[in-house]
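**Q** Whole structure, please, built from the sequences with the hints as guidance.
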Amino acid sequence: MPSTGDEEENLPLVWQKIEQSIIRSIDVRFNEFGDKLDNLIAGQQILEERIGGVENKAVNHEQRIKVMETSLEELRQQNKTLRSKLSDLEGRSRRNNLKIVGIPEGEEKGRPTDFVST
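Once you know that position 95 of the sequence shown is 95 in UniProt numbering, the rest is easy, because the numbers rise by one and skip nothing.
The hints are simulated quantities; they were obtained by calculation from the structure and are not laboratory data. Note that the coordinates shown come from a computational prediction; the quantities given were computed from them, not determined experimentally. Positions of the beta carbon are idealized from the N, C-alpha and C atoms, including for glycine. Be careful, since some hints might not be right.
The calculated label-pair distances, taken between Cβ atoms and stated as ranges, are [to be verified]: (1) Ser71 x Pro104: 50 to 60 Å; (2) Leu11 x Phe33: 24 to 34 Å; (3) Ile65 x Thr113: 53 to 63 Å; (4) Ile46 x Glu73: 38 to 48 Å; (5) Ile65 x Glu32: 16 to 26 Å; (6) Leu11 x Glu32: 30 to 40 Å; (7) Asn56 x Gln20: 47 to 57 Å; (8) Asn56 x Asn79: 29 to 39 Å; (9) Ala58 x Asn79: 29 to 39 Å.
As a list, the in silico DSBU-like pairs of lysine-lysine whose alpha-carbon atoms are at most 35 Å apart [to be verified]: (10) Lys17 x Lys36; (11) Lys99 x Lys85; (12) Lys109 x Lys99; (13) Lys99 x Lys80; (14) Lys85 x Lys57; (15) Lys36 x Lys57.
**A** See the structure below:
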């Protein structure tokens, strides 16, 4: 099939149009990928900031827990000491109370020490 001269002259123009179409298509794809990449980068930055905030809060909470554990241990020691003192005081108060049987109530007339010593 013989080709005509017009077709041969138009061939570079056709190739140029095809090339431009392909380049536009590639540019559109690259722009789409660029936009998606920008969105991914922005999302990653947001996540990094959130993770940094969570890590800071975790460190803060760990420090607070250590302080509270120390306070708890001090309170436990104080509680133990106070319970011991309470037990001692209750025991002493029981030991210093005398019950004298056979003497009517009020016989000491407000002076129990003098009454018992006589």
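**Q** Hint by hint, work out which the structure violates, then give me just those numbers in ascending order.
**A** Hints 5, 14 contradicted; others consistent.
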